[in-house]
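> The lines below spell out each chain.
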Amino acid sequence: MVTLHLPDGQILTTFAGTLEEILLRLDMNPYEILVTRDGELLLVDDPVDEDDILRATSIVHGG
Amino acid sequence: MTAGCDRCENKAVYVDPVTKQRFCGEHFSAWYENGVSAAIEKYHMIEPGDRIAVGLSGGKDSTVLLTVLVKLDLDAELIPITVDEGIGGYRDDTILAATRLCDKLGLADKLVSFTDICGKTLDELLEKNPQQACSVCGTLRRRALNQAARDIGATKIATGHCLDDEAQSVLMNYLRGDVTRVTGSYQTNADTLFLPRIKPLCRSTERETVAYGLVNHLLTDLPECPYTKYALRAGVRRGLGKLEYTTPGTMMNIVTGQEKLLAKLGPGKGEITAMGRCEICGEPTSHRLCAACALLEKLE
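Just so you know, the sequences run in chain order A and B. Each residue of the first sequence is one higher than the one before, starting from 108 at the first, in the numbering used here. Each residue of the second sequence is one higher than the one before, starting from 17 at the first, in the numbering used here.
Hints in this document: simulated from the structure, not taken from any laboratory. Computed from a predicted model, the values in this text were never measured in an experiment. We put the CB at the ideal spot given by N, CA and C, even for glycine. Honestly, I wouldn't trust all of these hints.
Stated by the list, open to error - Chain A regions said to be covered by chain B (calculated; three or more residues, Cβ under 8 Å):
hint, stretch
1, 124–138
2, 144–154
Said to hold, decoys possible - Quick list of simulated restraints, FRET-style, between CB atoms:
hint, chain 1, residue 1, chain 2, residue 2, range
3, A, Leu113, B, Ile168, 34 to 44 Å
4, A, Asp115, B, Gly122, 29 to 39 Å
5, B, Glu25, A, Asp152, 10 to 20 Å
Kindly produce the complete structure, drawing on both the sequences and the hints.
The following block contains the structure:
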């Protein structure tokens with residue numbers, strides 16, 4: 108399974124696919140979430156494999 | 017396998033959703049910095065010798081703003097100012113991030129707090145009215161930043177507002193039916209009373225700005241402001257974010273459309289007033305009391 112670490116500490120798991128497919132499956136807006144793998148920013152059409160560990164950053168800020 | 021950067025052999029890490037240009041980290045950074053530089057030039061934001069107070073919260077936008085302004089090596093002095101609103105469980109971490117950034121960039125950060133300007137923290141002010149968090153915080157933060165900027169002899173104040181913030185503001189003015197703001201109210205003597213504000217990131221999207229921060233390893237995990245949930249802006253932001261995903265360029269269209277509207281109306285077609293001084297604190301205002309004093313009076 109793909110592991111996605113969210114900014115608030117939550118960890119989600121899901122199936123492989125492109126990053127866009129994964130974010131939409133998890134009900135996230137791909138415009139509002141940037142995702143890195145091993146510190147490198149991923150494109151929405153980048154493929155994500157089963158064992159990948161991803162880190163999400165929300166572009167939304169307070170105020 | 018996805019395609020690489022349009023300008024070199026490296027893997028692309030960012031695609032501009034409007035033009036479909038693909039960038040590696042290095043070329044994306046250069047493209048982003050050029051965009052900020054172009055906005056500064058287009059709107060004549062900075063003149064040689066300016067002493068610029070840079071609002072630095074330690075969050076994503078202001079971190080990128082200060083870093084890019086330093087990198088552009090402008091003929092201007094930069095003085096970061098951090099406002100401590102007094103938000104438990106949130107502000108301490110972001111202030112630490114701001115201090116670390118300033119140390120890294122070799123700049124001295126000036127810290128000013130809500131307790132300095134009104135004797136209370138934001139948490140104390142909002143005990144009975146948490147729903148008003150964003151308007152109270154925004155008004156007092158502007159006051160704190162203005163005061164601190166004047167104290168250090170700044171000629172301008174730079175803030176990290178980006179294209180998303182601008183588009184949200186335009187839309188919120190319509191949603192509130194605020195015709196005065198939609199048509200661009202005009203204060204005949206405002207230029208002489210207020211320190212000019214500049215927004216160098218105003219043509220860069222929030223997504224580009226955060227991507228720049230990630231590509232350049234500028235960002236650390238920080239807590240989210242606990243009051244964000246009360247903001248009207250939050251709903252507008254979500255809606256616009258969805259539109260920007262399905263129809264890239266929407267936010268730019270909103271902002272440039274507003275600029276075209278104001279250009280068509282011409283100066284002085286909106287509400288024309290002359291500004292005076294607040295009866296309590298002496299800050300510029302077109303009313304008896306400035307927004308900050310009116311707010312504090314209401315909260316008491």
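> It remains to establish, for every hint, whether it holds in the given structure.
Hint check results:
1. 124–138: Since 3 is at least three, the answer is holds.
2. 144–154: holds (count 9)
3. A:Leu113 <-> B:Ile168: 34 to 44 Å: Holds - the Cβ-Cβ distance for leucine 113 (chain A) and isoleucine 168 (chain B), about 39 Å, lies within 34 to 44 Å.
4. A:Asp115 <-> B:Gly122: 29 to 39 Å: holds, 33 Å
5. B:Glu25 <-> A:Asp152: 10 to 20 Å: holds, 19 Å
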